[in-house]
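> Listed below, chain by chain, are the residues.
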Amino acid sequence: MNGSKKLVVGWFSFTCCEDSTILFTELLNDHLDDWKQKIEFRYLKALKTKNSLEGLDVAFIEGAISSPKQESEVKKIRENAKYVVAIGACAVTGMPSCSRNQFTSKEISEKIAWYLSHFDYSPKVRKLDEVIKVDDYVNGCPMNTTRFLEVLDKYLKMINAQ
Amino acid sequence: MHSGNITIDNITKVEGTAGLEVSISEGRVTDLKFIIKDYRRFYVEAVKGKPAVAASAFLSRICGTCSLAHLFCSLEAIEKSQGITLSDQTKLLRRLAYDGLILRDHALHLYFFVLPDLLNIGSILDIPDDPQNLGHQLLHDSFDIKKVGNDLTTVVAGAAIHAPLPCIGGFLKIPKPEDLKPLADRLEKIRPQIIRAISFFAKDSQKLERNSDYLALRGNNFNFLEGQIVNSSGKNVSEEKFHNFMKSVVIPYSQAEGYVFEDTHEDYLVGSLARLNLNKDLLNSRTQKDLEPYLTVFPSNNIFHNNLAQAIELLQVVDDALDILKNLNLIEEKPPVVRFKEGVGVGVIEAPRGILYHYAKIDGNGMIADYDVIVPTAQNQINIENDLKKYFQENLDKDEETLKLGAEKIIRAYDPCMSCATNFLKITFNRS
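Protein chains in written order, with the numbering used here: chain A, 1 to 162; chain B, 163 to 594.
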C-alpha cells in the first residue's frame with residue numbers, strides 16, 4: 001500500500017452494549033498490522049487517549065440515540081465525516097436499546113421516571129437514520145463481520161480511486 | 163500545588179462512557195465525582211412479561227464484552243426458580259466456555275487498555291512495527307491469546323458474544339470432540355506467552371493502597387460459576403442472601419447506583435484482585451507451581467495489582483480448560499423439556515469484573531414476573547471514587563496533565579464496564 005492514501009476513520013458508540021466494538025477489537029487480532037498501513041484511526045476512544053473528529057472519511061457509529069446530548073454529538077460527527085456507517089442492531093434498527101419506547105405508563109415506575117427526568121433522556125430512543133443521514137448499514141447483534149469487512153473494503157477502494 | 167477544577171469528559175480505554183470532575187481548593191480535594199454516563203436501557207423492566215425461555219438471550223445484551231456472564235447467570239437464576247439441576251457434563255461445558263470468556267476479556271483489558279500506559283504511549287496503535295520491541299511482542303501474544311479464548315467459547319457455546327447454544331438446563335448442541343482437540347494444543351502453546359505477560363505486569367511499580375474489603379465467590383476450586391460469597395473477614399453469605407448483604411446507594415450525578423455493606427456502610431471491591439486475595443490457595447495446581455513467586459504479592463491492597471491478578475487468572479483458565487479437555491468424554495445430551503411453574507431463583511457468578519447477581523421471578527405461565535441484576539462495576543463505583551479522592555489528595559503538587567493520566571490509570575485498573583453498570587432498578591433514595 002506504499003503511496004496509497006490512508007482512510008481516515010472514526011469509531012463511535014452510543015446507547016448499546018458495545019458488542020460490535022468488542023468484535024472490532026477482535027478483528028484487530030488478524031487485521032491490525034495490515035490496517036495500520038491503510039487506515040488512520042483518528043477517533044477510537046476504546047483504544048486511544050487522543051482523539052479528533054476533524055476530517056473523517058468514514059464514521060462507524062454503533063448504538064441508538066437516547067438523548068438530546070447524544071443527538072447533538074452524532075450530528076457533529078455527521079458534519080465532520082464524508083460517510084456514515086450504522087453498526088449493529090441498535091444503530092440500524094434501534095432494538096433492543098429502544099425497548100423503553102414500548103413501555104406503557106404502568107411500566108414506567110417511580111424509579112424509571114426518576115432516571116428519565118433526572119438526566120436528559122429523549123422521549124423516545126431512536127435508530128441512527130432517524131437522527132442523521134446514514135450511507136451504509138452493517139446489521140447484526142453483534143455486527144456481521146463479513147458485511148463490516150465488505151463495507152470497509154468499499155471505502156478503502158473509494159478513497160484511493162478519488 | 164494544584165488549585166481549581168479538573169475535568170475529564172471522556173475516560174478513554176474503558177468499556178462505555180464515564181467522566182471525572184474534581185474540585186480542589188486551598189490544597190484540599192473538596193469534591194470528586196466519578197460519573198458513569200451510559201444511558202440506561204431499562205432491560206430488567208423490558209424483560210418483564212416476556213417468556214422465561216427467551217429472557218437469558220435478551221439479557222445477555224446488557225453487555226457486549228461479558229455477555230456470556232449475563233447469559234450464564236440468568237440461566238442459573240431461571241434454572242433455580244424451576245428446581246432444575248445440571249448434569250456434570252453441562253457444568254463442565256459451561257466452565258470451558260467461560261474459561262474462553264475470561265481469556266478474551268482479561269486479555270483485551272490488559273493488552274489493549276493497560277499495556278499502553280505501562281509503555282508510556284497513548285495506544286496500541288503507537289507500538290512500533292518491530293518484532294524485537296517488547297510492546298510488539300506482547301501485543302502479538304495478545305492476538306494469539308484472545309483468538310484461543312474466542313474459539314474456545316465459540317466451539318462450546320456457538321459464539322464468543324451473545325452465544326446461541328447454552329439454554330435452560332443444558333446446551334442445544336454438544337460440541338464435536340474433533341473441534342475441541344486442536345484447542346488443547348493451542349492452549350498449551352499460549353502458556354509461555356501468558357507467563358511473559360505475568361512477568362511484565364508484575365514489574366509495574368505503581369501503587370495506590372487503601373484498606374478496602376473484598377468480596378468473591380469461593381467454591382471447592384478456583385471456580386467462576388459456583389461457590390459461596392465470602393468477604394475479607396471470613397463472613398460467608400449464601401447466593402440467595404447476597405441481596406441483603408449490601409445496600410444500594412443512589413449517586414445523583416451517575417447513571418449507575420453504588421453499593422456499600424448493609425451493616426458497616428463501608429465500600430468494598432469485587433473482581434480479580436478480590437478473587438486472588440481470597441482464593442489464591444484454590445488456583446489450579448499447575449498455575450500455582452509455575453507462578454509461585456508472583457502469588458506472594460497477594461493479599462494486596464494495591465489497586466494496580468488488579469492487573470497482575472487478571473494476568474494470573476489468564477493462566478488459571480488455561481490450566482483449568484486443559485484439565486477439563488483432558489478428561490472430557492462427551493455424550494449426546496438433550497436439554498430438559500421445561501414445564502414452567504411459579505418460582506423464584508437467584509444466580510450469582512464471578513463475571514470477569516467481579517460478582518454478578520441475577521434475580522428471576524417466574525409466573526405460572528412461564529413468563530418473567532420480576533427481574534433484577536446487580537453488576538460488578540456498580541459495586542466498585544464508590545470504591546473507585548474513594549481511591550481517586552486519596553490519589554488526588556496525595557498528589558496535588560503534580561501538574562494537571564499528570565493528575566489526569568494518573569486518575570485514568572487508576573480507573574482503568576478497575577477494568578470498569580459502564581454498559582453493565584446501569585441496570586439495577588430497585589434503588590433506595592438514601593443519598594442526597
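These are calculated hints, taken from the structure and not from any lab test.
It cannot be assumed that every hint is accurate.
[Unchecked claim] With a straight-line Cα cutoff of 25 Å, these simulated SDA-like cross-link-like pairs (lysine to any residue) come out: (1) K45/A - K309/B; (2) K48/A - Q299/B; (3) K309/B - K111/A; (4) K199/B - S99/A; (5) K76/A - T174/B; (6) K48/A - K309/B; (7) K111/A - E547/B; (8) K50/A - Y553/B; (9) K309/B - S99/A; (10) K571/B - N51/A; (11) K365/B - E454/B.
[To be verified] Derived coverage of chain A by chain B (criterion: at least 3 residues anywhere in the stretch with Cβ under 8 Å from a Cβ of chain B; other residues may be distant): (12) 18 to 32; (13) 61 to 74; (14) 101 to 113; (15) 127 to 137; (16) 144 to 154.
Idealized CB from N, CA, C, for every residue including glycine.
> Indicate, hint by hint, whether the structure satisfies it.
Hint-by-hint comparison with the structure:
no.: 1; hint: K45/A - K309/B; verdict: holds, 23 Å
no.: 2; hint: K48/A - Q299/B; verdict: holds, 19 Å
no.: 3; hint: K309/B - K111/A; verdict: violated, 41 Å
no.: 4; hint: K199/B - S99/A; verdict: holds, 19 Å
no.: 5; hint: K76/A - T174/B; verdict: holds, 19 Å
no.: 6; hint: K48/A - K309/B; verdict: holds, 22 Å
no.: 7; hint: K111/A - E547/B; verdict: holds, 24 Å
no.: 8; hint: K50/A - Y553/B; verdict: holds, 23 Å
no.: 9; hint: K309/B - S99/A; verdict: violated, 33 Å
no.: 10; hint: K571/B - N51/A; verdict: holds, 17 Å
no.: 11; hint: K365/B - E454/B; verdict: holds, 15 Å
no.: 12; hint: 18 to 32; verdict: holds (count 12)
no.: 13; hint: 61 to 74; verdict: holds (count 3)
no.: 14; hint: 101 to 113; verdict: holds (count 6)
no.: 15; hint: 127 to 137; verdict: violated (count 0)
no.: 16; hint: 144 to 154; verdict: violated (count 0)
Of the numbered hints listed earlier, those contradicted by the structure are 3, 9, 15, 16.
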